[in-house]
Amino acid sequence: MSELAFRFAQVALPLVVLQETGSVAALGLVTGAAGLPVLTSPWWARSLRQRITSGRGLAAVQVGEAAPLAVVPLLAWLGGLNAVTLAAAGLALGVFQALAAPGLMALFADIGDRLGERGAVSLLTWQDGIRRGTMLVGPSLGGVAVMLGWLLPALWFEAFMLVVSALLALPVRPTEPADGAVEEIPSIRSALVGRPDVARGWLLRGTSCLTWFAFTLGMSVYGAQQDRAGVYFAAGMTAYGVGSLTGTLLVGRVVHRLAPMAVARLAWTVGGLAWIGMSLWTTPWGFALMGGIGGCFAVLGIGAVNRIIAAAGAGPVRRTLMSGQSVVINATSSAGMLLGAPLLAVAGVRPTLAAAGILTTVVALLGPMLRLRRWAAPEAVTWSAAVADPGGQLWSGRCPSRTAPASPGSA
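Residues -19 to 391 in the working numbering are what the sequence shown lists, from first letter to last.
Since the hints were derived computationally from the structure, they do not count as laboratory data. Note that the structure is a prediction, hence the values are computed from the model and not measured. Any given hint might turn out to be false.
[What the hints assert, rightly or not] Cβ-Cβ distance ranges computed for the label pairs, FRET-style:
1. -6 <-> 117: 16 to 22 Å
2. 54 <-> 238: 50 to 56 Å
3. 47 <-> 345: 42 to 48 Å
4. 127 <-> 328: 31 to 37 Å
5. 148 <-> 207: 41 to 47 Å
6. 54 <-> 119: 19 to 25 Å
7. 47 <-> 106: 25 to 31 Å
8. 148 <-> 263: 40 to 46 Å
9. 207 <-> 116: 22 to 28 Å
In this text, a Cβ means the ideal position worked out from N, Cα and C, and glycines have one as well.
Could you put together the complete structure from these sequences and hints?
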């Protein structure tokens, strides 16, 4: 429900702002203000993100998300949309989005731990699959609402869906230990100590987010240049969505049977090659085929990184790592979109796609080889015995002491 509301907002919110203000700068004000809290969340959200340990915490955040989405159409109806109110609404939306996305993922992982060894990764994979499914359905439904003239009602409906989502989350019981033990809240930097594979996974995923603009903006620009506006974008994005859903069905069969870093490495190597393939085969069918391949392998890479994070710890550590991943994704995506349009204008679509593919492939091949001594544990040794925590989760790999950890939280 919350993801579907977000897809509606992607269509309706920009149009409401443009319709009421007639200013592209005002639209940039909303999106820029919404992104600022996400990028600064490592500093202000360190304690708040640890409170989302149950359905009640998640519900409170989702109601907070609904408020600015409801305020914008109200202000438009009253004629009160201006730079100040738009910036305030964007900031409020960004604050709650910075808490909701990593909080939801961490809560899924905590619930998955109750289901067995593979539960956390399975739930995170299906949550990502449902999110990608809304990419196919949500924009179309939002577009129909706009065509029927239901622009402001669409925003009201988005807020309503978030409230319903919050109500659905309420029954989820807390995931903290029953003994009430208080754990130290780590910073993102300290949570990475002893977990260099998480940093390597973020490097690969961040690079793919940085080069994402070459696919999305590139298709739009190339379609316009060929006097077939929308055709390339529709073909590529539809195929990407279908490929993503296919990858969702394959994740469980792949990431639990192979080393997760090897899966991530393969996934974004193929993803980079798909970008290069688009630069060579610039037809709707070429974008569709390469987009489908890229979407399928992107999901495998994301599943592999999620498995690394799920096995890196639990409780506050995992919530902190989920928050750090959210910051990496948003920062690199924003940087790519900011730099992408000028780069496409100067270099052209095909060279930009090729360069983006080469960068993605090189980082995927060489990134996992980085030593990353800054986050390596000082006395790390490899331990081969499988260690079971009280919840039944199996852990193995590198630990920061010369003996195997007693629990995943100490790893």
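Hints versus structure:
For the pair residue -6 and residue 117, the supplied restraint of 16 to 22 Å holds, since their beta-carbon distance comes to about 19 Å. Checked against the given bound of 50 to 56 Å, the beta carbons of residue 54 and residue 238, roughly 51 Å apart, stay inside it. At roughly 45 Å, the beta carbons of residue 47 and residue 345 sit within the given window of 42 to 48 Å. Our hint of 31 to 37 Å for residue 127 and residue 328 holds, since their Cβ atoms are close to 33 Å apart.
In this structure the hint that residue 148 and residue 207 lie 41 to 47 Å apart at CB holds, the actual value being about 46 Å. Restraint check, residue 54 to residue 119: a C-beta distance of roughly 24 Å satisfies the suggested window 19 to 25 Å. One distance hint, 25 to 31 Å for the beta-carbon pair residue 47 and residue 106, holds here, with the actual separation near 29 Å. A beta carbon spacing of about 43 Å between residue 148 and residue 263 agrees with the range 40 to 46 Å that was offered as a hint.
Checked against the hint of 22 to 28 Å, the pair residue 207 and residue 116 passes, with Cβ atoms roughly 26 Å apart.
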